[in-house]
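Colleague: So you can see what is in the structure, the chains are spelled out below.
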Amino acid sequence: MTNAARLISALADPTRRAVFERLKEGPRPVGEIASGLPVTRPAVSQHLKILKDAGLVADRSVGTRRIYYIDPKGLGAMRAWLDQFWEASLDAFKLAAEAEAKKTKKEEE
Amino acid sequence: MSTQIRPAPVLRSIFVNAPQAHAFEVFTSGIGSWWPKTHAIGDAELDKPVIEPRVGGRWYQLGIDGSECDIGKVLAWEPPSRLLLAWQLDPDWKFDANLVTEVEVTFMPEGEGTRVDLEHRNLERMGDRAEEMIEKVGSPGGWTAVLQLYSEASEK
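Residue numbers (this note's numbering), protein chains in the order written: chain A, 34 to 142; chain B, 218 to 373.
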């Protein structure tokens, strides 16, 4: 799977997105992330692992606790987004350029 | 000590069934005909983006209400083969004069058409900004916009 595909699938799951959204408010331990979500703590840990593998989330130990936070240096999401953005834009550009070229050709004929 | 992660540049290529000069023309002065309308910055509804055809020219978005929002500027203007733009939008989709990421577009004749190569680089500079933003307590998450677009894209 490419990085972009991994990122997209990482955020495609609604629960995982909710987990990620929680972290936008600031660094949190698993317990805090899980409270209020309709899933078990091990399930949240599993989601965090996937987000971590995708480069969206990082963790650090504080005492005996593990704190999760959005990885600000990962930039993976931004890059993947731009990759998609340019892919879609260039496709649209190709269509526009070819439509214009066809029109010009017709006028010349 | 922290390790700076350098994201790879975004590389995209496309073959256009049109002559080189025409491809350059549509990419620049015709940008309004292909730029996705959904990617508007600022509050006004997007009319079209504009690239001023010269080095130092502005690259901005024109709203239907006549308002202008900067996207970046022209760093190199070499028709019909090369264009270098500065993309100065931060991860929160706001113009930042101090942030310069480069978008280089080259147009090479290939058969009867043109091969267009696009490279969006220096993305790690966005990282510096993103990090600053996230460190600012109370700043709305710089990732909100990205996340929003992500969920839309992934639901398609």
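If you're looking for bench data, these hints aren't it; they were derived computationally from the structure.
All C-beta atoms, glycine included, are put in the ideal place defined by N, C-alpha and C.
Be a bit skeptical, because a hint or two may be false.
Unchecked claim - For lysine-lysine, the following DSS-like pairs were computed, each having C-alpha atoms within a straight-line distance of at most 25 Å:
1) A:57 <-> B:265
2) A:136 <-> B:290
3) B:254 <-> A:135
4) A:57 <-> A:85
5) B:265 <-> A:135
6) B:311 <-> B:265
7) B:311 <-> B:290
8) A:136 <-> B:265
9) B:265 <-> B:290
10) B:290 <-> B:254
Unchecked claim - Residues of chain B clear of chain A, computed beta-carbon distances all greater than 12 Å:
11) 279
12) 280
13) 287
14) 298
15) 325
Colleague: Work down the list of hints and note, for each, if the structure agrees.
Modeller: Quick rundown of the hints versus the structure:
1. A:57 <-> B:265: Outside the cut-off at roughly 32 Å; violated.
2. A:136 <-> B:290: violated (30 Å)
3. B:254 <-> A:135: Holds. Residue 254 of chain B to residue 135 of chain A sits at ~23 Å (cutoff 25 Å).
4. A:57 <-> A:85: Holds - the C-alpha atoms of residue 85 of chain A and residue 57 of chain A are around 14 Å apart, at most 25 Å.
5. B:265 <-> A:135: holds (23 Å)
6. B:311 <-> B:265: Given that 25 Å is the threshold and the Cα spacing comes to 17 Å, the pair holds.
7. B:311 <-> B:290: holds (14 Å)
8. A:136 <-> B:265: holds (22 Å)
9. B:265 <-> B:290: The hint holds at about 16 Å.
10. B:290 <-> B:254: Judged against 25 Å, a Cα distance of about 20 Å means the pair holds.
11. 279: holds (17 Å)
12. 280: holds (19 Å)
13. 287: Holds: least Cβ distance 18 Å, greater than 12 Å.
14. 298: Nearest chain A Cβ is 15 Å from residue 298 of chain B, so the label holds.
15. 325: Label holds. Min Cβ-Cβ 14 Å, cutoff 12 Å.
Of the numbered hints given earlier, the model fails hints 1 and 2; all others are met.
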